[in-house]
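Visitor: Its first residue numbered 1, the sequence shown is counted upward by one per residue in our numbering.
Be aware that a few hints might be false.
As the list claims (entries may be wrong) - With a Cα cut of at most 20 Å, we get these calculated EDC-like pairs of lysine to aspartate or glutamate:
hint, residue 1, residue 2
1, K68, E19
2, K169, E113
3, K6, E97
Calculated directly from the structure, the hints in this document are not laboratory data.
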Amino acid sequence: MSMETKDLLLGKAKPEDWESMYRNVWSRPAVARFMQWRITTSAADAQARMERTIAWQKNHDTYLVYEKSSGQAIGFAGVEEIAPHIYQDAGIALGPEYVGKGYGKQILRLLLEYCASTMGSEEFYYSTQAVNQASRALALSCGFSYHHSEQRIDLQSGEPYELEVYHKKL
Numbered sequence: 001m002s003m004e005t006k007d008l009l010l011g012k013a014k015p016e017d018w019e020s021m022y023r024n025v026w027s028r029p030a031v032a033r034f035m036q037w038r039i040t041t042s043a044a045d046a047q048a049r050m051e052r053t054i055a056w057q058k059n060h061d062t063y064l065v066y067e068k069s070s071g072q073a074i075g076f077a078g079v080e081e082i083a084p085h086i087y088q089d090a091g092i093a094l095g096p097e098y099v100g101k102g103y104g105k106q107i108l109r110l111l112l113e114y115c116a117s118t119m120g121s122e123e124f125y126y127s128t129q130a131v132n133q134a135s136r137a138l139a140l141s142c143g144f145s146y147h148h149s150e151q152r153i154d155l156q157s158g159e160p161y162e163l164e165v166y167h168k169k170l
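Construct the entire structure; sequences and hints are all you get.
Guide: Encoded structure:
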């Protein structure tokens, strides 16, 4: 299954995507900073990570993000059901060179439409680290309202952080 926007295609990972994901996303500290995973430091590790990604995506609504103009994998995005007819984002990440182009908004709007029209979702939750200004701005620009905050521990650093949760009725 795949979904598309004006500039992007969301589709299931393929073995050959390891290189562009490694180059654009997985090896980039700027991306990992706000995500709960560690950077990948070698081509062999990226290939193994791609195998795990492909296996994971078989049973989850998670996708790689491809830029239509280049065909490259430039990020990932997904959703998960947390209660009947209620979904949340399962992470949205783009390589640093692809931030600020409106791609995040295209992705989030596409995921909202998918959840509402295909999955029968009535509500959607979006979460972000409080220090991630761009992610907060994305939530607000897509019509989300602040719902609550939670204290969490970063799985990479072991440091505490504040997670902001936003909500939208679909």
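Visitor: Could you run down the list of hints and mark each one as holding or not?
Guide: Verification of the supplied hints:
For the given pair, K68 sits about 17 Å from E19 by alpha-carbon distance, which is consistent with the 20 Å threshold. The hinted pair formed by K169 and E113 meets the criterion: a straight-line CA distance of about 12 Å does not exceed 20 Å. At roughly 18 Å between alpha-carbon atoms, K6 and E97 fall within 20 Å of each other, so this suggested pair holds.
Comparing the model with each numbered hint stated earlier shows that all of them hold.
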